[in-house]
Amino acid sequence: MMRRHVSSSNSFRAGGSHWFLGVFLASMMLPAAGWAQSTLAFRGGTVITVTGSPIEGGVVLVRDGKIIAVGKDVSIPADAAIVETGGKFVMPGLVDAMTHFGIRPFGLNSQEQVTPENRAVEAYYPFGGFFKGKGGVEADNELLYGGVTTVYIAPGSTQLIGGQGAVVKTFGASYHGLILRDPASIDMALPPRPPREGTPPGRMAALALLRKTMIDAQEYDRRVREYNQKSDDDKKDAEKPPRDMANEALQRLLHRELPARVEADFVEDISAAMRLAEEFGFNLIVDSGIAAYQLKEVLAQKKIPVVVGKISHPFAPEYFTYPQELHSVADERNAAWLTRAGVKVAIASYASSFGGKATQGRWLLLEAALATAYGMSEEDALKAVTINAAEILGVDGRVGSLEPGKDADLIILDGPPLGLKTWVERVYIDGTLAYQRGGRN
Amino acid sequence: MRTAAVWIIIFPALVLSVPAGVQAPSGMGAVALKGATIHTAAGPPISGGVILVQDGRIRSVGQSIAIPGGAKVIDLAGKVIIPGMIDPHTHIGAFDADDVNEMPQPLGPENRAVDAIHLGVPDWQEAVAGGVTAVITGPGSGERMGGQSVMLKTFGGDLKRRILKEDGDLKMAVNARNLSHISDIYGNFVKAREYLSQWRQYQGGDRTGSPPKKDLALEALSRALRQEVPVRVHIYLVPDMLSFLEMKREFGFELQFIHSVESYKIAGQLAQNGVDCICLPLGTRYHETPDQLRGIAVLHNAGVRVALHTDHPVIHQKWQRLNAAMAIRYGLPEEAALRAVTINPAQMGGVADRIGSIEAGKDADLVVLDGPWFEPRSKVDMVFVDGVLAFDRTRAASQEGR
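As you go down the protein sequences, you meet chains A and B in turn. For the first sequence, this note's numbering gives the first residue as 18, with consecutive numbering after it. For the second sequence, this note's numbering gives the first residue as 2, with consecutive numbering after it.
No lab work stands behind these hints: they were computed from the structure. Ideal Cβ placement from N, Cα and C applies to all residues, glycine included. Be a bit skeptical, because a hint or two may be false.
What the hints assert, rightly or not - 20 Å max Cα-Cα, derived EDC-like pairs, lysine to aspartate or glutamate:
| no. | chain 1 | residue 1 | chain 2 | residue 2 |
| --- | --- | --- | --- | --- |
| 1 | A | K438 | B | D292 |
| 2 | B | K380 | A | E395 |
| 3 | B | K266 | B | D292 |
| 4 | B | K161 | B | D56 |
| 5 | A | K438 | B | E255 |
Unchecked claim - Computed Cβ-Cβ distance ranges for the label pairs, DEER-style:
| no. | chain 1 | residue 1 | chain 2 | residue 2 | range |
| --- | --- | --- | --- | --- | --- |
| 6 | B | P107 | A | P71 | 54 to 62 Å |
| 7 | B | P334 | A | P94 | 27 to 35 Å |
| 8 | A | G422 | B | P46 | 28 to 36 Å |
| 9 | A | E342 | B | D56 | 38 to 46 Å |
I would like the entire structure built from these sequences, with the hints used as guidance.
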């Protein structure tokens, strides 16, 4: 019985130019149907599924890019290539529930306060340096280096309604292959900030504007529905409502097909977002949420998840530009307090690329480690950067844990996930080796 | 020089800022911290050791210390103790009052951080909770010469007593290769050298004429020329570093680099010239690449004295320990990383006789942790400053669920 062993020498590394060359070649050579058509068995390591107990000496069996079995006594088919993971830790690729990766800072925001029709993917270009040297590829490689395999890419947060965010993978056979879910949600922010120039409205006027916007959307939704309900004959006489991209996007909120993600730190802003969600009947996710712990019971009761920023640097924007009054409200125990109260919490980097924060995605596991120093259990901290994030993004059917049926996005670590000296050794996405530690990393 | 009375008048709120229940340091009974693994930053770790503290000072430290009867014994078996951490370049207390930069004034060597220090912000107590017990806080990098930093403890009721060094350095900044930056600084050192020689002439003569007019700016530069304070310069690039090396050779001042982004590229030269490097491994704002992060270990291996800094508010003051963690992750040996946040910055500040290591006679500034001191998941349990319990996690935990 012959088994093909994957050795580190014949697999390509995700460093420098090899990376996009690899993607490029792969996109040309692989059959259109799939891109990792083989059977892989990760054998011997400690498998942290994050949805169940860790399995010592476990096996993760992967076929054609999907996990088909996880456990201690998984029988490995004869044609499987074996990846020995003895002494290592195997866990799902990390999910960063809030970033602006791959979007240039000047592409993040529009001039107006309300642009639900804008889509982050339209500005998404992770390979800024394609065929031109390093450039943007570094940013993505940076994420793989930190074990991040899925990220949410969001419009900027200087508008009341910024637009539609998407969920993308950090490695794929093609540009389109990266996109996991688009749109994934509609991004908003409170309190109002100036998009580019001029004075923003105050809180009262901002909320009035949001209400007016939602009422317009309800009205649009009613007119479209009424038109659609007409018989074909009646339609001939009736005027068809003209298509409106902004209202179409908001319709999906009203139909609860998409949630609203509202970046709100102050109690009054989180409360205002909750009022809006209730009045107009849409699902709400609170982003950043520095003061969210002060509303933890009501957030838990209403099942509103919170995507907190980094434990070490909770302020989504720069510390400098942040309202001073929030500094004394911020508390590293926010995530732990929320979790204990029953709120679903994800820890996210809020990083952007091509700007000063491009490298921060790589610290996600260390931030999870830090969360345990501030009251979170290891289990909860790991969930906050994997399955919780995936659930909040609505992609938990595909990623976020090691379970049969999910994408084979997994990382191999040379030590316990929350240890300072632990490194991501390998990253597999859709069952394909996307990154291997070595050389200059 | 200002008197204690002046400080008390200026900052009456300070006395109130001490948490209730904290005892006065002097006249305090002896306290024995017993059973922990002690990283002294002065020698190999001591496991199951004892630190005897009295009157705010460390009386003795070791594995077999006789604990005097009547001493309060705190059992710290399983815990880890390190010296209170020190940050050699930060803007805590200066930033919040918006006094950190005096732009567009390009040269202000006479400006003193101690005149602008602001203690009424929560950052100080957070710094203590993070295990940071002393800082060199000073002018920003908006000017070529920002002024003079002040070194002080992060905790204690009375500012006068908190100050370790009032005018502790001459802070400069060169942000990139700029024609005027170096020549401005060079020109002023030339002037200061003349000023100094005028004074020497006057003081060495019969003192019959009138003395040279006192110039605060040149006075500050003269102190660097006399090697009473170091020149501490915010600097990124190798060419700027080489210019400063040249000036150091000509004027003979002590030189310390801040940020030191590219310093690893000329590590040997810096070691040879006795230049200290202060680095910011958490400074993702500056696009730290793995190479730059590994550079801290390169500097250390070349024999450069290395310290780490937060540059608060760039990185919050409380994360100095995370800075050390990051440096360790990128190759700096654990012991060297500990020294980089304790004894080395104490030496750079000229106060190593008082703080920076756990040795008999030094201030009892101590940090107790519940696990390896550098692991992000370890917690700071207690912090002592001058022998006073300045932070206690069990008490802080009482705020849970607020």
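How the hints compare with the structure:
The straight-line distance between the Cα atoms of K438 (chain A) and D292 (chain B) is roughly 17 Å, inside the 20 Å bound, and the hint therefore holds. For a cut-off of 20 Å, the pair hint linking K380 (chain B) to E395 (chain A) stands: about 14 Å separates their Cα positions. With a CA separation close to 10 Å, the supplied pair K266 (chain B) and D292 (chain B) stays within the 20 Å bound. Simply put, K161 (chain B) and D56 (chain B) have alpha-carbon atoms about 18 Å apart, close enough for the 20 Å limit, and the pair holds.
Taken as a hint, the K438 (chain A) and E255 (chain B) pair is broken in the structure, with Cα atoms around 35 Å apart against an allowance of 20 Å. Separation of P107 (chain B) from P71 (chain A) is about 59 Å and conforms to the stated range, judged on CB atoms against 54 to 62 Å. The given range of 27 to 35 Å is broken by P334 (chain B) and P94 (chain A), whose C-beta atoms sit roughly 46 Å from each other. For the pair G422 (chain A) and P46 (chain B), the supplied restraint of 28 to 36 Å is violated, since their beta-carbon distance comes to about 49 Å.
Taking the beta carbon of each, E342 (chain A) and D56 (chain B) are about 40 Å apart, inside 38 to 46 Å as hinted.
Comparing the model with each numbered hint stated earlier shows that hints 5, 7, 8 do not hold.
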